[in-house]
Amino acid sequence: MSILFKQMVLLYTVAAVLSLILTRYHRLNNIITNLLSAAASFCGIIFSLKYLYLSLPAAELLRFEATVPFLSIVLRVDNLSAFFVLSLSVLTLCVSLYSLGYMKHYFAKNNIGVFNFLLNIFILSMLCVITSANMISFLISWEIMSLVSFALVVFESQDPENSRAGLIYIIMTHIGTAFLIIAFMLIYVQTGSFEISSIGNLLSPHIKNILFLLFMLGFGVKAGIIPLHVWLPYAHPAALSNISALMSGIMIKTAVYGLLRFVLVVLGASNTWWGITILLLGVLSTALGIAYALMEHNYKRLLAYSSIENIGIIMIGVGISITAYAEHQTAIAGIALLAALFHVINHTFFKGALFLGAGAIHYAAHTKNLEDLGGLMKRLPYTGLFILLASLSISALPPFNGFVSEWLTFQALFQVLANLSIGLKILAMLSVAVLGMAGALAAACFIKFIGIAFLGKPRSEQAQTAREVPFTMLLGMGMLVLLCLLAGLFPQFILMLLDSVTQELFGFSPIPGLKGFSFLPYFELPINKTGVSPFIIIFMCLAILFIFYFFIKYIGRNSRQRLFKTWDCGFGDLNPRMQYTATGFSKPLRIVFRLLYQPKRELQLTQGPSPYYPNEQNYVVSTETVFEKYIYRPLTLSFTHWARKTIFYVQTGSVHIYLIYILAALILLLVYNWIF
Amino acid sequence: MNEILYVILQLILVMLVAPLATGIIKKVKAFSQKRQGPPLTQMYYDLYKLLKKDTVVSETASWVYHLAPYITFVTALAASVFFPLTASLFNLSFQGDIILAVYLLALGRFFMVLAGLDTGSTFGGMGSSREMMIASLIEPALMVALFTLGLIAGSTSVSAIISANQAGSPLILNPYSLLLFSAIFIILIAETARIPVDDPSTHLELTMVHEAMLLEYSGKHLALMEMAAAVKQLIFITILANFFLPLESFLTLSNPFLAFFIGLALYLIKLIAVSLLIAAAEICTVKLRFFSVPNLAAISFALAFLGFMQFFVIGR
Numbered sequence: 001m002s003i004l005f006k007q008m009v010l011l012y013t014v015a016a017v018l019s020l021i022l023t024r025y026h027r028l029n030n031i032i033t034n035l036l037s038a039a040a041s042f043c044g045i046i047f048s049l050k051y052l053y054l055s056l057p058a059a060e061l062l063r064f065e066a067t068v069p070f071l072s073i074v075l076r077v078d079n080l081s082a083f084f085v086l087s088l089s090v091l092t093l094c095v096s097l098y099s100l101g102y103m104k105h106y107f108a109k110n111n112i113g114v115f116n117f118l119l120n121i122f123i124l125s126m127l128c129v130i131t132s133a134n135m136i137s138f139l140i141s142w143e144i145m146s147l148v149s150f151a152l153v154v155f156e157s158q159d160p161e162n163s164r165a166g167l168i169y170i171i172m173t174h175i176g177t178a179f180l181i182i183a184f185m186l187i188y189v190q191t192g193s194f195e196i197s198s199i200g201n202l203l204s205p206h207i208k209n210i211l212f213l214l215f216m217l218g219f220g221v222k223a224g225i226i227p228l229h230v231w232l233p234y235a236h237p238a239a240l241s242n243i244s245a246l247m248s249g250i251m252i253k254t255a256v257y258g259l260l261r262f263v264l265v266v267l268g269a270s271n272t273w274w275g276i277t278i279l280l281l282g283v284l285s286t287a288l289g290i291a292y293a294l295m296e297h298n299y300k301r302l303l304a305y306s307s308i309e310n311i312g313i314i315m316i317g318v319g320i321s322i323t324a325y326a327e328h329q330t331a332i333a334g335i336a337l338l339a340a341l342f343h344v345i346n347h348t349f350f351k352g353a354l355f356l357g358a359g360a361i362h363y364a365a366h367t368k369n370l371e372d373l374g375g376l377m378k379r380l381p382y383t384g385l386f387i388l389l390a391s392l393s394i395s396a397l398p399p400f401n402g403f404v405s406e407w408l409t410f411q412a413l414f415q416v417l418a419n420l421s422i423g424l425k426i427l428a429m430l431s432v433a434v435l436g437m438a439g440a441l442a443a444a445c446f447i448k449f450i451g452i453a454f455l456g457k458p459r460s461e462q463a464q465t466a467r468e469v470p471f472t473m474l475l476g477m478g479m480l481v482l483l484c485l486l487a488g489l490f491p492q493f494i495l496m497l498l499d500s501v502t503q504e505l506f507g508f509s510p511i512p513g514l515k516g517f518s519f520l521p522y523f524e525l526p527i528n529k530t531g532v533s534p535f536i537i538i539f540m541c542l543a544i545l546f547i548f549y550f551f552i553k554y555i556g557r558n559s560r561q562r563l564f565k566t567w568d569c570g571f572g573d574l575n576p577r578m579q580y581t582a583t584g585f586s587k588p589l590r591i592v593f594r595l596l597y598q599p600k601r602e603l604q605l606t607q608g609p610s611p612y613y614p615n616e617q618n619y620v621v622s623t624e625t626v627f628e629k630y631i632y633r634p635l636t637l638s639f640t641h642w643a644r645k646t647i648f649y650v651q652t653g654s655v656h657i658y659l660i661y662i663l664a665a666l667i668l669l670l671v672y673n674w675i676f
Numbered sequence: 001m002n003e004i005l006y007v008i009l010q011l012i013l014v015m016l017v018a019p020l021a022t023g024i025i026k027k028v029k030a031f032s033q034k035r036q037g038p039p040l041t042q043m044y045y046d047l048y049k050l051l052k053k054d055t056v057v058s059e060t061a062s063w064v065y066h067l068a069p070y071i072t073f074v075t076a077l078a079a080s081v082f083f084p085l086t087a088s089l090f091n092l093s094f095q096g097d098i099i100l101a102v103y104l105l106a107l108g109r110f111f112m113v114l115a116g117l118d119t120g121s122t123f124g125g126m127g128s129s130r131e132m133m134i135a136s137l138i139e140p141a142l143m144v145a146l147f148t149l150g151l152i153a154g155s156t157s158v159s160a161i162i163s164a165n166q167a168g169s170p171l172i173l174n175p176y177s178l179l180l181f182s183a184i185f186i187i188l189i190a191e192t193a194r195i196p197v198d199d200p201s202t203h204l205e206l207t208m209v210h211e212a213m214l215l216e217y218s219g220k221h222l223a224l225m226e227m228a229a230a231v232k233q234l235i236f237i238t239i240l241a242n243f244f245l246p247l248e249s250f251l252t253l254s255n256p257f258l259a260f261f262i263g264l265a266l267y268l269i270k271l272i273a274v275s276l277l278i279a280a281a282e283i284c285t286v287k288l289r290f291f292s293v294p295n296l297a298a299i300s301f302a303l304a305f306l307g308f309m310q311f312f313v314i315g316r
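Residue numbers (our numbering), protein chains in the order written: chain D, 1 to 676; chain H, 1 to 316.
It is possible that part of the hints are untrue.
To be verified - Here are the simulated DMTMM-like cross-link-like pairs (lysine to aspartate or glutamate), alpha carbons at most 25 Å apart as the crow flies: (1) K565(D) to E3(H); (2) K53(H) to D568(D); (3) K553(D) to D54(H); (4) K34(H) to D46(H).
Quick caveat, the hints were computed from the structure, so don't treat them as lab data.
Predicted model, so just to flag it, every value in this text is computed and none were measured.
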């Protein structure tokens, strides 16, 4: 069993080293490293599928002992880890194939050797994070992951925007890591061990509450939960698209993994308020994430905000699960965890596909601004199709996978509504409302993305001349989209794998009779005395379509179809500038939610011959990022102000004062030694 | 086998009844204006005529534009299968989840809105943008109302909700159901583009929403879109009629055909009642300013949420 895993680690390492060696030969380097990492991912898929399917007990995979005390890297797998390994491997397989074509543009500009080295190390570090057996290896791989992803974010360092994004990212992620270090040290002080194991009953409730808050802050930054999300909308657009796909598809999920591992398994989720906190933050992230996504014109930033929304949906599931577990309702906890984990892998699929698709648009049209695109559906037909299908999926529409996890989340909320205390019920109903609204807003957001970028007429020269991307890029996207469709049509398969996880964590199986491929009658997915069967529905839709298509064809057998220009009210030709823009499309919602967006309008006129006929008009609309303006900016300003002031008291520039510092430190250390 | 029989019967009935509902509303409106109005069967003629006509397609449009009418139509029909028109159809064999039905309708809307943007016309974009705003604002109210119904029934399955309505007194007699009924009624008006929100009889005005998206469609595409809108309207009418108003559970007839026809007659009576309500709303109100629609959505949400809270206080 562990052979496959060792092969995987080995292949990634070899790929990383080879790419450093072959720095000079861009093309060869790109092909070899990506094929190697695709092979490694393939091992990972087989490994995790086999593990989850057989539902094996936890097993140690790798162990490096150093002579330094505590420094031992131990990797271990259990069902929860295996599930995250599965989503990591699937995404990295597709991303590697995609990179074969995608990186061609960067051969001349950047050092591909270093890039591919970093990429493989990045994947490897994420793999280590989700399989770490002790806190030391967790922390080391977590830090490598953060640093390498920082390097990848600022890889296109020609652009000052990217450096700024990288700076915000590295500061935020280190604040998060600091909280994690404190938490791990606290655990060590209390229990004397760095093992990641269930220690809930060894700690006092007081300490557990503190630990929960530390973990929440530490992992919340990485997950991008609002209000800790500020780095996310900058870092994702700055990175290359294959990196954004990995960052959004997997890296932010490692935080979900960490939260589940440390709050649910290590601390044992004993307090209801923990779950409620996570649920509330999830609801907040869902609502605000998608609301901000709607206002974006940079399609990569739009996708980044949408990641925040999806993390919110996952957090709603995790929150319910932890709340229900604390209330000893394992059935509800199981369903909620099922929903959350299903959404984790779904988000990996569709957000991976969407970021890869965004990369394809950028590859073809060289712009990240939606307002410069248009009419790409005719120029990039396959990319367009894939992005359309992935958008349907992320908007939670049947028969795609997004619907299944959203439905499961709704069912988990329904269980809370039916079984738990009155306060929780009201909270659950509000979550239902927010989730419903987020679904509709997500649809609006992705309609805007597709409608402006792919439909209508091209709005610029670049869009006019764009051409379809290479085959390998389409392959990477296409595989993910196919997985979205398959996971939506046959959710039983993924649930069967997830069943091992809930069995392991709660000893509870929400779907008995799913083991093996004995699908239920009519492929139905029954929970809470109700069920959905996307497969049957789609079958029915196709049957209806088939019948009516021929019926309509028969009735209209004498009619013709002709092409003509769009109706222009008789005023002559319509031009691309008369189309609705992305800004215009979202304007009604900007006005309705003006309290949230605080839109600012600026109209500049240059004086013409008469005040009524200005020569030039310039109209700028911007929305306010509330959290940055009212929380982060004042905070950083007051911090720098305070630091600047206190530095005068500490570093006075006088040698005498420095000598006193040294003396004081010496005395303190002596006293410390004397006492302990 | 029973399932297939059910689907076929239900689809035939929906196709027959949906244009009729539109006809009834139009007729009532015409009477209120002291006009004769078009015959009840006018929409059937219109659809038949449209299907036989030539279609004109914009040069700018991509395949999305061609596909959208079919998807909108098929998803509306598929969603209508979830809401059996009569209880005897429901007894035939039926299972379905209400959230899936709502999301199927959303799938149809997704394509309809995309098609509005596809032709590069300003009207289409305007309609699409407004439709998405109304949809996003109305969605929370709809989810809360349906979830409360689900809570009353113990499950979000449609059959559970209908059974809850069948067992004992009809749901409409409960105070919280009255609130839910009004909430869903407002949602119906918004979703089917009726007067306080949108005007179905307008063409080429700057205020239109639904019609603006369909402006470029002609011939069979337009027929499909119109039919899809009628089916969607019938779905919401059926929700009101069969989830709240009395169902023919008191009938224990041995002859299934007789029971079916009596049930159908009862359904038609309820249909006329709800259509009268819709027509009354259209007659008595004027079209709201577009940015007052959020208030209407908020009222609907408040009603649904109050219904939910009251359900806890009073209980079943």
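Checked hints:
1. K565(D) to E3(H): Given pair K565(D), E3(H) is violated - Cα atoms ~46 Å apart, limit 25 Å.
2. K53(H) to D568(D): Since the Cα atoms of K53(H) and D568(D) sit roughly 22 Å apart, the hinted pair holds (cutoff 25 Å).
3. K553(D) to D54(H): Status holds; Cα separation ~12 Å.
4. K34(H) to D46(H): 23 Å, holds
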